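Participant: Sequence:
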Amino acid sequence: MLLAEVNLVRGLVIAKDIFNIFASFDAEEAKSKKLAKDLKAIGFEKMQLESDKRALQFKLDLVVTKESDMKAKYEIELKAAKECLKQARDQRRAVEASQKHAEDQTLAAETALAATNSSLEVTAADNEKSLTATKLELEKVKVERADAEAKAVEAYQDAFVDTPEYKDLAQCLMTVGGEQLV
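Residue numbers (my numbering): 753 to 934.
In short, the hints are calculated from the structure, not lab data. This structure is a prediction, so every number in the text was calculated from the model and none was measured. Warning: the hint list may mix true and false statements.
[Said to hold, decoys possible] List time: in silico DMTMM-like cross-link candidates among lysine to aspartate or glutamate, alpha-carbon distance up to 20 Å:
#1 831 to 848
#2 792 to 781
#3 789 to 778
#4 831 to 819
#5 838 to 848
#6 887 to 899
#7 823 to 842
#8 811 to 827
#9 785 to 797
#10 768 to 781
#11 786 to 802
#12 825 to 813
#13 838 to 827
#14 811 to 821
Can you make the complete structure from the sequences, with help from the hints?
Facilitator: Put into structure tokens, the structure is as follows:
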């Protein structure tokens, strides 16, 4: 009986070991299924990450391309702005030079005008003096002529008092420049 009990205990131990082996197989199979499931999920996640990576790389390429395009566009616009600024500076310098030239011409014209005005004032003063002298001389000549005419009339009256021979001669003498003196 002892032997039967020992065999029974051995059988139970072996059964237990077999049970444990099967239980461990079930556990390993469950682990394996879980691991396969996890691997499948990891594979899916890896595929998803690869897809995301490709999408991000595409977006990055677009951003880089867009940045490159924007940089090129910015450089073109910057170059155009610099050229525009240079042209504006050149135009400003040309306007300043033109303005300076105009100011110089205005100053020269004002100087010439002042000199001309001064010369005209001197000439006008000289002309005024000359005109005054000429008027005085003319008045003097008129007075002398009037005196000469008066003396001629007196001489006529003294020399040729109503004589018919000398009346025509006296008439001729009394006419000066087509004007009748008497």
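Participant: Against this structure, judge whether each hint is valid.
Facilitator: Now the hints, each set against the structure:
A distance of roughly 25 Å separates the Cα atoms of residue 831 and residue 848; the hinted pair therefore is violated under the 20 Å criterion. Distance hint between residue 792 and residue 781 is fulfilled; the C-alpha atoms sit about 16 Å from each other, no more than 20 Å. A hinted pair counts as satisfied when its Cα atoms are at most 20 Å apart, and residue 789 with residue 778 qualifies at roughly 16 Å. This hinted pair checks out: residue 831 and residue 819 have alpha carbons roughly 18 Å apart, not beyond 20 Å.
For the proposed pair residue 838 and residue 848, the alpha carbon gap of about 15 Å is at most 20 Å, so the pair holds. Under the criterion of a C-alpha separation no larger than 20 Å, the hint pairing residue 887 with residue 899 is consistent with the structure, at around 18 Å. For the given pair, residue 823 sits about 28 Å from residue 842 by alpha-carbon distance, which is inconsistent with the 20 Å threshold. Straight-line distance between C-alpha atoms of residue 811 and residue 827 comes to about 23 Å, which puts the hinted pair past the 20 Å bound.
With a C-alpha separation of about 18 Å, the suggested pair residue 785 and residue 797 falls inside the 20 Å cut-off, and the hint holds. In summary, the hint linking residue 768 to residue 781 is supported, as the alpha carbons are separated by about 19 Å, within the 20 Å threshold. About 23 Å separates the Cα atoms of residue 786 and residue 802, which puts this hinted pair outside 20 Å; it is violated. Note on residue 825 and residue 813: the hinted pairing holds, with a Cα-Cα distance of about 18 Å set against a maximum of 20 Å.
Restraint check for residue 838 and residue 827: the C-alpha separation of about 16 Å stays at or below 20 Å, so the hint holds. Of the pairs offered as hints, the one joining residue 811 and residue 821 holds, with about 15 Å between alpha carbons and a cut-off of 20 Å not exceeded.
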